[in-house]
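> As a plain string of letters, each chain reads:
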Amino acid sequence: MSTHRTRLGRLLVVVTALTMLAAACADDAGTTTTTSAATPATAAETTTTEATTSTTELAACTVDNLTLVTPGTLTIATGETTFPPWVGTLDGDFFDEPTSKTGFESALAYEIAGYLGFSDDQVVWERTGFDEAIIAGPKDWDFNMQQYSVTPVRDEVVDFSVPYYVTTQALVVLDGSPYAEAKTIEDLKGAKLGAALGTTSVDFVDLIIQPDTPPNVYDENFDVVSAMNAGQIEGLVVDLPTAYYVTSAQVEGSVIAGKFDADAAQPDEYGLLFAEGNPLVGCVNEAINSLLADGTIDNLITEWLEQGGGINVITG
Amino acid sequence: MTEQSSVDRFGRGPGLFGPHRRSGLREEGARGALIAFVSTVVFIGFVLWLILSSDTWPAVQNQFFNWGHFQTAWPAVLSGFWLDIRMFLLAEVLILAIALIVAMIRALRGPAFFPLRLLAVTFIDLIRGVPVILLILLLGFGVPALQLPGVPRSELFWGLTALVISYSAYTAEVYRAGIESVRESQRMSARSLGLTQLQTLRYVLVPQAIRNVIPALLNGFVSLQKDVALVFVLGVREGVRAAQIYNSRTFNYTGYIAATVLFLLVSVPLARFTDWYTDRDRRRKQAVGG
Chain W
1 MSTHRTRLGR LLVVVTALTM LAAACADDAG TTTTTSAATP ATAAETTTTE ATTSTTELAA
61 CTVDNLTLVT PGTLTIATGE TTFPPWVGTL DGDFFDEPTS KTGFESALAY EIAGYLGFSD
121 DQVVWERTGF DEAIIAGPKD WDFNMQQYSV TPVRDEVVDF SVPYYVTTQA LVVLDGSPYA
181 EAKTIEDLKG AKLGAALGTT SVDFVDLIIQ PDTPPNVYDE NFDVVSAMNA GQIEGLVVDL
241 PTAYYVTSAQ VEGSVIAGKF DADAAQPDEY GLLFAEGNPL VGCVNEAINS LLADGTIDNL
301 ITEWLEQGGG INVITG
Chain G
1 MTEQSSVDRF GRGPGLFGPH RRSGLREEGA RGALIAFVST VVFIGFVLWL ILSSDTWPAV
61 QNQFFNWGHF QTAWPAVLSG FWLDIRMFLL AEVLILAIAL IVAMIRALRG PAFFPLRLLA
121 VTFIDLIRGV PVILLILLLG FGVPALQLPG VPRSELFWGL TALVISYSAY TAEVYRAGIE
181 SVRESQRMSA RSLGLTQLQT LRYVLVPQAI RNVIPALLNG FVSLQKDVAL VFVLGVREGV
241 RAAQIYNSRT FNYTGYIAAT VLFLLVSVPL ARFTDWYTDR DRRRKQAVGG
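So the protein lines, in turn, are chains W and G. Taking this note's numbering, the leading residue of the first sequence gets 1, the next gets one more, and so forth. Taking this note's numbering, the leading residue of the second sequence gets 1, the next gets one more, and so forth.
Bound conformation, chain W alone (with noise of 0.2 Å):
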């Protein structure tokens, strides 16, 4: 009980970190940091569901004692496709190749598998997609890290990592757009919204914006672009670092009208994710969480995700 009170305390001490980062981000904008506030608690809540299966295996977390899939290798599933900034740079170098360690996830990934023990060459990349990652039963590869939202009803199917990244929603549009402007989620209602299916995007439009018309949900981020440049939709729903990466590199002449402050169902964050039962998770939890407390995790955040203030704040 000990340590996972520490390594709860720990945890609080990382997310708090995060926000007053988040926060430092923000202040450029003026803004206020009222969400920040909840994010601790629940965060916490999350982690204690997982903890209690996951104590039992800190004894070692050496190659020789870890459960693998193919033993001595570290097999790490990814989307088919990956996008920067998560793997890759905004500029297109690497682009897709996770083996790069270039992007946040691809860099973190051998971060991971360092703490682990891993050398380079003992890290092996699989391409999944979001079904089969899923589905119950056996998976052929140790856990899979494609910006997975931890949810509590997803978390009943597979086993979810510590949250690595808690991000915020962001809405992109074409500059000149009325919604450009937008100040609350109020401004926001008559708009025409996109967003990409598996994303928590779509649960924060249909939930907490809640359109007089549904968004448009697409099979991949790369159509709600489409859509936006046929004109079908006049703003698209991402998280942060995502809409970077739409504004700069994919659609022309878009911007990122401004990020969410408003409280989604539960506070995005992303975890690896395990096949149900998976012993692997308390050895990858510690790797996590050490991480974060070193600041290495940080580090990672400032040099691919954060790329400085100024972004407008659409309240709730």
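Bear in mind the hints are in silico, worked out from the structure with no lab data behind them. Using N, Cα and C, we set each Cβ at its ideal position, and we do this for glycine too. Possibly wrong hints are sitting among the right ones.
[Said to hold, decoys possible] Reference listing, derived: stretches of chain W covered by chain G, where coverage requires no fewer than 3 residues with Cβ under 8 Å from a Cβ of chain G:
no.	segment
1	183-189
2	209-217
3	221-230
Given chain W, put chain G in place with the hints provided.
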């Protein structure tokens, strides 16, 4: 009409569930019925046993057949499915009309009509060669992106247009098969009576042709009724997409089962109706002595 005459040369007779059911059982008698019953029970029992004895069945059951999730997913899936039905009905009317026009153009004879025939053949060949899903994506995202003045941008409009174009090409071929199945003497008689080409088509060939191909047309209905769901690639929240949204939100697949049930509720009766109509039509023709 006797039982014998309703059996065609493949030994098929009329019946709700396909080949030879009623007459077959009657010939074999009560013993035959018993064997059919027992073998059906054994077969279904074996399949059920196979599924239920699987190690992962409890997990699969929870992920695919969860009553609680079924109820939660149902309203959204149902309202999406209602959109599917409306799209289907609208598209079907347009397809039947456009395909008939294309088929009639293709059936015109004489060198003067060559350019029109060429146009019809090119349309049919090109469109049938492109997967529906590609057509939907190309028209749905491509045309509106051109931002031509006066051209609609709605994803629903272009999704339906793609379906109508694609199915019209197939259906035109169904009509053509019907027109060609009408005996040549019919055309020649009509022409010798002084009817023009168009009149011959309109009053002699097409009415007979349509009657011949109604089962094939109904078959197309069943197919289209499911394919309308494909417009979800354009972001349209029809039934299947509603189920997908539920699935990605909860990681539970029961929403797909809800969508499956809804599609079956429409397509199975439609398929039964097609069989029933085909049989009735065959019996009528045989009664006339054809």
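> Each hint should be assessed against the structure and marked as holding or not.
Against the structure, the hints:
no. : hint    : verdict
1   : 183-189 : violated (count 0)
2   : 209-217 : holds (count 3)
3   : 221-230 : holds (count 6)
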